[in-house]
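Model the full structure from these sequences, guided by the hints.
Protein chains: 4
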Amino acid sequence: MNGFERRKEQKKKSILEAALALFMEFGVQKVSVAEIAEKASVSQVTIYNYFESKDKLSDKVLKYYVDQVWAEQEAILISDLPFDEKIKQITFEKSHLTDQMSDNFFQDFMKDYTTGKGYVEELYTTKALPLMVNLFNEGREQGFIDPDISNEAILFYMQMFKEYMQREDVAQYMLPITEDLTKIFFYGIVGREKND
Amino acid sequence: MNGFERRKEQKKKSILEAALALFMEFGVQKVSVAEIAEKASVSQVTIYNYFESKDKLSDKVLKYYVDQVWAEQEAILISDLPFDEKIKQITFEKSHLTDQMSDNFFQDFMKDYTTGKGYVEELYTTKALPLMVNLFNEGREQGFIDPDISNEAILFYMQMFKEYMQREDVAQYMLPITEDLTKIFFYGIVGREKND
Amino acid sequence: MNGFERRKEQKKKSILEAALALFMEFGVQKVSVAEIAEKASVSQVTIYNYFESKDKLSDKVLKYYVDQVWAEQEAILISDLPFDEKIKQITFEKSHLTDQMSDNFFQDFMKDYTTGKGYVEELYTTKALPLMVNLFNEGREQGFIDPDISNEAILFYMQMFKEYMQREDVAQYMLPITEDLTKIFFYGIVGREKND
Amino acid sequence: MNGFERRKEQKKKSILEAALALFMEFGVQKVSVAEIAEKASVSQVTIYNYFESKDKLSDKVLKYYVDQVWAEQEAILISDLPFDEKIKQITFEKSHLTDQMSDNFFQDFMKDYTTGKGYVEELYTTKALPLMVNLFNEGREQGFIDPDISNEAILFYMQMFKEYMQREDVAQYMLPITEDLTKIFFYGIVGREKND
DNA sequence: AATGAATGAGGGTTCATTCAT
DNA sequence: GATGAATGAACCCTCATTCAT
Numbered sequence: 001m002n003g004f005e006r007r008k009e010q011k012k013k014s015i016l017e018a019a020l021a022l023f024m025e026f027g028v029q030k031v032s033v034a035e036i037a038e039k040a041s042v043s044q045v046t047i048y049n050y051f052e053s054k055d056k057l058s059d060k061v062l063k064y065y066v067d068q069v070w071a072e073q074e075a076i077l078i079s080d081l082p083f084d085e086k087i088k089q090i091t092f093e094k095s096h097l098t099d100q101m102s103d104n105f106f107q108d109f110m111k112d113y114t115t116g117k118g119y120v121e122e123l124y125t126t127k128a129l130p131l132m133v134n135l136f137n138e139g140r141e142q143g144f145i146d147p148d149i150s151n152e153a154i155l156f157y158m159q160m161f162k163e164y165m166q167r168e169d170v171a172q173y174m175l176p177i178t179e180d181l182t183k184i185f186f187y188g189i190v191g192r193e194k195n196d
Numbered sequence: 001m002n003g004f005e006r007r008k009e010q011k012k013k014s015i016l017e018a019a020l021a022l023f024m025e026f027g028v029q030k031v032s033v034a035e036i037a038e039k040a041s042v043s044q045v046t047i048y049n050y051f052e053s054k055d056k057l058s059d060k061v062l063k064y065y066v067d068q069v070w071a072e073q074e075a076i077l078i079s080d081l082p083f084d085e086k087i088k089q090i091t092f093e094k095s096h097l098t099d100q101m102s103d104n105f106f107q108d109f110m111k112d113y114t115t116g117k118g119y120v121e122e123l124y125t126t127k128a129l130p131l132m133v134n135l136f137n138e139g140r141e142q143g144f145i146d147p148d149i150s151n152e153a154i155l156f157y158m159q160m161f162k163e164y165m166q167r168e169d170v171a172q173y174m175l176p177i178t179e180d181l182t183k184i185f186f187y188g189i190v191g192r193e194k195n196d
Numbered sequence: 001m002n003g004f005e006r007r008k009e010q011k012k013k014s015i016l017e018a019a020l021a022l023f024m025e026f027g028v029q030k031v032s033v034a035e036i037a038e039k040a041s042v043s044q045v046t047i048y049n050y051f052e053s054k055d056k057l058s059d060k061v062l063k064y065y066v067d068q069v070w071a072e073q074e075a076i077l078i079s080d081l082p083f084d085e086k087i088k089q090i091t092f093e094k095s096h097l098t099d100q101m102s103d104n105f106f107q108d109f110m111k112d113y114t115t116g117k118g119y120v121e122e123l124y125t126t127k128a129l130p131l132m133v134n135l136f137n138e139g140r141e142q143g144f145i146d147p148d149i150s151n152e153a154i155l156f157y158m159q160m161f162k163e164y165m166q167r168e169d170v171a172q173y174m175l176p177i178t179e180d181l182t183k184i185f186f187y188g189i190v191g192r193e194k195n196d
Numbered sequence: 001m002n003g004f005e006r007r008k009e010q011k012k013k014s015i016l017e018a019a020l021a022l023f024m025e026f027g028v029q030k031v032s033v034a035e036i037a038e039k040a041s042v043s044q045v046t047i048y049n050y051f052e053s054k055d056k057l058s059d060k061v062l063k064y065y066v067d068q069v070w071a072e073q074e075a076i077l078i079s080d081l082p083f084d085e086k087i088k089q090i091t092f093e094k095s096h097l098t099d100q101m102s103d104n105f106f107q108d109f110m111k112d113y114t115t116g117k118g119y120v121e122e123l124y125t126t127k128a129l130p131l132m133v134n135l136f137n138e139g140r141e142q143g144f145i146d147p148d149i150s151n152e153a154i155l156f157y158m159q160m161f162k163e164y165m166q167r168e169d170v171a172q173y174m175l176p177i178t179e180d181l182t183k184i185f186f187y188g189i190v191g192r193e194k195n196d
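Protein chains in written order, with full-length UniProt numbering: chain A, 1 to 196; chain B, 1 to 196; chain C, 1 to 196; chain D, 1 to 196.
Just so you know, these hints were derived from the structure itself, not from any lab.
No incorrect hints appear here.
Any copy will do: because identical chains look the same in the list, a pair fits if it lies in one copy or spans two.
Here are the simulated SDA-like pairs of lysine to any residue, each with C-alpha atoms no more than 25 Å apart in a straight line:
id : residue 1 : residue 2
1  : 63        : 41
2  : 127       : 177
3  : 127       : 171
4  : 56        : 16
5  : 86        : 166
Being a predicted model, the structure only gives us computed values, none of them experimental.
Listed below in structure tokens is the structure:
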């Protein structure tokens, strides 16, 4: 990559980051192309030269975001941490990427920007899922997971925890009950029958 | 209430329902007042005569919706069903009200239409919460709930299940694993240690 | 006039007064029929039943107003006051009718509501003008008016003073210089050459 | 200023002139942004790009107008004309700028567009007033102005003449009596006591 | 390649006026 | 006769996108 292309990539990245920050704070619809252009210190037309349309920009922003999130997760998954620690980190650890995530952000993408959806699913299927399945199998061997429960159900369950706990509007209620929630995560509301 | 007022109420209701349906399908922002007017077979101005602005209409739509959802829930809570059945229905039963709920709908309201939020919280605090707490106490007495877990954590947990499972984009994955999820809900991913 | 008609006239009058008050405060254009209706405690349609349209209502409001102003002026003109006192009162005395006159009011009428203009001119020509001409002749005989100056010029001059001094935006500057202006009115900026 | 900026300024000016012409003819409120756009042969949005809103455009139009009027007046004031000629021109000479001035125009601004008002007053206080006061002092020395009359009163008087005579609805009556009015201006209605 | 300038389409809102009871 | 309800037309303004340099 020569100097020209490097500068071009740099500019693309700064547009993506400006857009991502604004999308996360206000939602995709409420952010205008003009605002992105200003935040990225480029002209609107440059955005169109690079990304064709706001829709396609949004897709690219999602990919950019998903790649970062995945890199974080993958690092945890391939680490040497024990099973339950991996689970906890993946499920409960709030990523710095989602610190200021708007409620609408992810759902905006999932609803209106269908191209992006494909990319997420592909990445999920080809990369995330195999690693997760490995993790679950490992968990079952170590007695951490009920062998009668399907991988699908566990994935669903983890994803639910993860996503829900990232929602801005619930975060405030969560902190004092994190301990309890962790316990519930592993043992349900019934709790361990013979715990002592 | 005379004929005039009855027809007025009828028209208001038809506007609310048209707006609710459209908001649920497309999100609040994407629906124009003109579209609501057309669906409700009234003129745009009639909507303004009744609701002053799109914002205030949206608030009223939320209240209208919340009232209906709450009526359903309350019916379950004050019924004679056994504890675990109440929990299951509240948590897992998909309300017909949410059949076509857009992903954005609730969050749109929670984000931008702050007046509505106050109403929801008031209803929750004064009506829903007391009934739920009663239910949990009943559940603890019957051994369905770990006595060490706080009400707050259980509420959070139930709410999470409920909301997440209503999301359109996850509904399709859920059906085959409902059984598993119910089990997880009660016993966590570890499952019962000594089940037999 | 029977009871019915009397009530009808009463209602018309209350509409005219509501409209006049609002027109004077905000100008004709900025006042909506709905606001007039509310201030007069009638329905909008009643206004239309009585006055056909906002335009025609405005005409009637002008006539209503002009009649009152003229009654005041006529009282002064046919009084026994000495010449210069009549002139002063007509020209400098601020009518209570114009206390809260909006800047736009008169000009709104003169510009857009041409029917009203005809009425004003007719009243002016047939009633006001003859009385004024009499007054000027009387003034000339008493040496108060330069005999070389035409009636038209004096009328113009008086009208100018009168109207300009009623303007809200100049009223504040006027009070401290009323004495001077009166002197100027009679003797111009040059003043009396040999006054003693 | 390069070609870009020159064309931009040119376009701004053509919008200002289109708006000024329409405002003067019909008043500010009655003119829509669409009409201005059409008269200036630009799109509505271009107007918004340059002026943000109709209100701010109106302010700028007023400034544009006031600057021109002031330039004319200043030229007279700093000229070598004798005192009485200066006074006559300032007071009686109809500026070509006001040829088609609507009755409402100035008052529209003075009423609703308060930002503009500040500009006018500032220009008046810092530039116009000092020059006028000089003129009056000069006039007093030459015996043209009664030394007992305050500057404020003379200013008021001149302004009154000037503004009133610019009104469209009175202009038609004025022409045949200009001579008389000039006389009145200097000597009042009483006229010179010892004229011969 | 990059940009300032320009725009068509559409959104929420207001208002004088008419309809229907 | 009087009213609450309803509306078509118009207005100000925003935005994603294209034009022209």
